[in-house]
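Generate the whole structure from the sequences, applying the supplied hints.
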Amino acid sequence: MSDIDQPILSVKNLTKRFGDRIAVNDASFDLWQGEVLAIVGESGSGKTTLLNCASARMTPDVGQVSFRTRHEGVVDVYKLSEAARRLLSRTDWGYVHQNPADGLRMDVSAGANVGERLMALGERHYGRIRNEAAQWLSRVEMQQDRIDESPQTFSGGMRQRLQIARNLVTRPRLVFMDEPTSGLDVSVQAKLLDLLRTLTHQLDLASIIVTHDLAVARLLAHRMLVMKDGCIVEQGLTDQVLDDPQHPYTQLLVSSVLLP
Amino acid sequence: MYVAVKGGERAIANSHLLVSEARRGDPAIPELTLAQIEKQLRLAVDRVMTEGSVYDRELAALAIKQAAGDAVEAIFLLRAYRATLPRFGYTEPVDTLSMQLRRRISATFKDLPGGQVLGPTYDYTQRLLDFSLAADGAAVAKPEINTAMAENESSSVMALLGHEELIEPQPISAGDPEPNDITRTPLTFPTSRAERLQNLARGDEGYLLAMAYSTQRGYANNHPFAGEIRFGTVEVEMIPEELGFPIVVGELELTECQMVNQFTGSKTKPPQFTRGYGVAFGHSERKAMAMSLVDRALRAEELGEAVVAPAQMQEFVLSHADNLEASGFVQHLKLPHYVDFQSELELVRKMRQVQADQVGAAS
Amino acid sequence: MSAVTTLDPAINLDTGYNFAYLDERTKRMIRRAILKAVAIPGYQVPFGSREMPLPYGWGTGGIQVTASIIGRHDVLKVIDQGADDTVNAVNIRRFFQRTTGVVTTERTVEATLIQTRHRIPETPLQENQIIVYQVPIPEPLAKLEPREAETKKMHGLSEYGLMHVKLYEDIAKFGYIATTYDYPVMVDDRYLMAPSPIPKFDNPKMNMNPALQLFGAGREKRIYAIPPYTKVESLAFDDHPFEVQRWQQHCALCGAKESFLDEVITDDQGGRMFLCSDTDFCQERRGEVASTAALVERPLSGSV
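Protein chains in written order, with this note's numbering: chain A, 1 to 260; chain B, 1001 to 1363; chain C, 2001 to 2304.
Any given hint could be a false lead.
Unchecked claim - Distance ranges between label pairs, derived from CB positions:
{"no.": "1", "chain 1": "C", "residue 1": "Ala2149", "chain 2": "A", "residue 2": "Gln152", "range": "25 to 31 Å"}
{"no.": "2", "chain 1": "B", "residue 1": "Pro1190", "chain 2": "C", "residue 2": "Lys2143", "range": "21 to 27 Å"}
{"no.": "3", "chain 1": "B", "residue 1": "Ile1239", "chain 2": "C", "residue 2": "Asp2188", "range": "45 to 51 Å"}
{"no.": "4", "chain 1": "B", "residue 1": "Pro1246", "chain 2": "C", "residue 2": "Pro2210", "range": "55 to 61 Å"}
{"no.": "5", "chain 1": "A", "residue 1": "Ser138", "chain 2": "B", "residue 2": "Leu1345", "range": "39 to 45 Å"}
{"no.": "6", "chain 1": "B", "residue 1": "Asn1221", "chain 2": "A", "residue 2": "Asp243", "range": "50 to 56 Å"}
Bear in mind the hints are in silico, worked out from the structure with no lab data behind them. Note that the Cβ used here is the ideal one computed from N, Cα and C, for glycine as well.
In structure tokens form, the structure reads like this:
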């Protein structure tokens, strides 16, 4: 079996406890290159914990996370050294926080925010860094002339675009997103979702997006997982799950009883 | 002009003479004796010993005299002296339960075995200037000696609460290893509680007081109760290698504060009270109480509480508690910085020039 | 005339303390830290810094390093801001005169041991010399990341992108890197290091220097080192290379063009002149190779 026939990310039997509460219980799923996977569920269902364990931001108690690297085949993420894991998470991975202030350096300019990953990888040419940053601002539909401004002066939607540019500058193959649009106005949300859809498609990105909003899942995701009380109760193609939910909880979700 | 900055050697020598003269003051007034300082400024001596980390009343008195009463300067003198002392070994932990009490109070129980012993305290004096002290030689009336103190039948409030498991057991690190001596091995973060307590014990009283106060004003509230405050004399024991059993090598005065703090329990721990601990040489209640509040606040992480307030942040609290480090670094700004300033001067001129050129080009 | 001074008769050897003040066990502890520091160039070694009879922030780290390595045959030079006769330099020199009785000098070429604050002498150092820097803040990342637990990790994993973010910001804002002193360097292509608050003018002198360079931070309890002939590179971008300060003026005394100049205000009408910050360098150039004793005797007023 060649590498490309394997999932880019494979999560197996992942469990995470907080004290005696089980936040994620025996979760398994695969993610393929270029695929967008939505994790949906109400708050407290364990979806963000699952995202954090899958992205090596939080160590699970049990389970395995495998990632197919560019050059070294499939690696067990939690068996990597901390150095290798940190390198992975700032090169081939991205992580988009719900609150952009958590993912940006609010006290340095937009250009430096986008350029940081390049500099961390050893890029030492100011002109090239700046050029690259400017191009990424354009790609996330921001004006290039705001490159020297601080994110403090940006609107919520712009900050989120900047956070996305900051993540994509190293051309990651996998991006984790935690409710990336939920803090924004409806009209801003729609534009941002549109941008995300275009970018994931253009860049052939694999991505996992946590959301409580089924509309977001329908718009972006090829496949989705439904979580309840730490368990994955249903997974499948997005249209299938939404149009023909099998699990009673999913049926409730789809009929919007549990969601705002 | 240029040569005027020379002659540092002579200036320093003269400054030494000037500071001696200023310290002595009017020679017509009798010079302070060390005994006077030791006996009549006992609380100043206690503070200097505590933060100077040396229990020696006479040396502390000397330091206070030499420092013209500046506590931080006196602490500095004592610490520098301490750094040159050889170490013979470590004493056994002092047993504060068998303290010869001069004062013992609890705010948690009205009465308790051993009783409440008010002892010498300014707490219930009315803070009116006593002009009779302005006159020399007034005799002091003899106080009553409280018999409860002599009998020393007290058991600790902590032990009483411990019987019902209402308070956490004394937290002792796994394996109870010999604690790291922070004056030999520097603090590295995260710290053990033993290291934190050492740091706080020699920390600046004013700083700890402000930190402790902040916890009471909502920056990390721990619902504290003064479980027990003791002041008295304890024996210090050492085990000489050739004997193999402890012998008493001296005694010292200590103030100890056991603070009891509310704790609602966590997933793994039942609701019970938690401890904050403070201790100081001599009679230093303000210091011991403040220390116990800060100790408790710094246990936030261990107890699964959110670290949100300054007093809960280990690196913040511990890195800034030492008044020698703080005083030295703040005052080092008096030292010459010509070279750095020259560099900055050049930079600001360059920045101004660039800006002026831009304005010029635009107009 | 010999420039090496004899012991100033005014400063008596204080026999109440051990040679160089510290006890021998403490010196051994510090020397072990120094050896470790030399073995891992640029890495900050924690050590059991002692309370010294000088205040923290006034050179206690450098003093402890010097005290631990000084021997009876060493010739000591102490400078602050490049000068041997500023009060702080005088005070530290007096301390070692009192506690060691070693010969002191103002001449860089004659010193075996140089303790410095904020400068590296203009006269190139040699293989048989050791220079000891006084360091206020040893952590080059401290201003960007105050948590030590985090900076330790960044050093361990060589994650220094943040430092370049700072330089990037300078260029974006001003058009050039606006750090003028304590300018960060990479040592031996591995550890990011604070060179102490020397002007960036002095940074190139650290690179491949034949002398052993030791750094002591007393308050922060760290020692680090650059062994002889080690690569020391000032951070920069390829298209914004590292540059040192240049003056349009020459030294008003010796005419030097290539030395670091101090600006001296001469009157309240904006009059100023520029002088070498390295007083020994300036005097050597003027052929005024003077002894310390002679300098002290020099009148306090009068033109030069």
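Verification of the hints:
{"no.": "1", "hint": "C:Ala2149 with A:Gln152: 25 to 31 Å", "verdict": "27 Å, holds"}
{"no.": "2", "hint": "B:Pro1190 with C:Lys2143: 21 to 27 Å", "verdict": "22 Å, holds"}
{"no.": "3", "hint": "B:Ile1239 with C:Asp2188: 45 to 51 Å", "verdict": "48 Å, holds"}
{"no.": "4", "hint": "B:Pro1246 with C:Pro2210: 55 to 61 Å", "verdict": "57 Å, holds"}
{"no.": "5", "hint": "A:Ser138 with B:Leu1345: 39 to 45 Å", "verdict": "41 Å, holds"}
{"no.": "6", "hint": "B:Asn1221 with A:Asp243: 50 to 56 Å", "verdict": "52 Å, holds"}
The structure meets every hint from the earlier list without exception.
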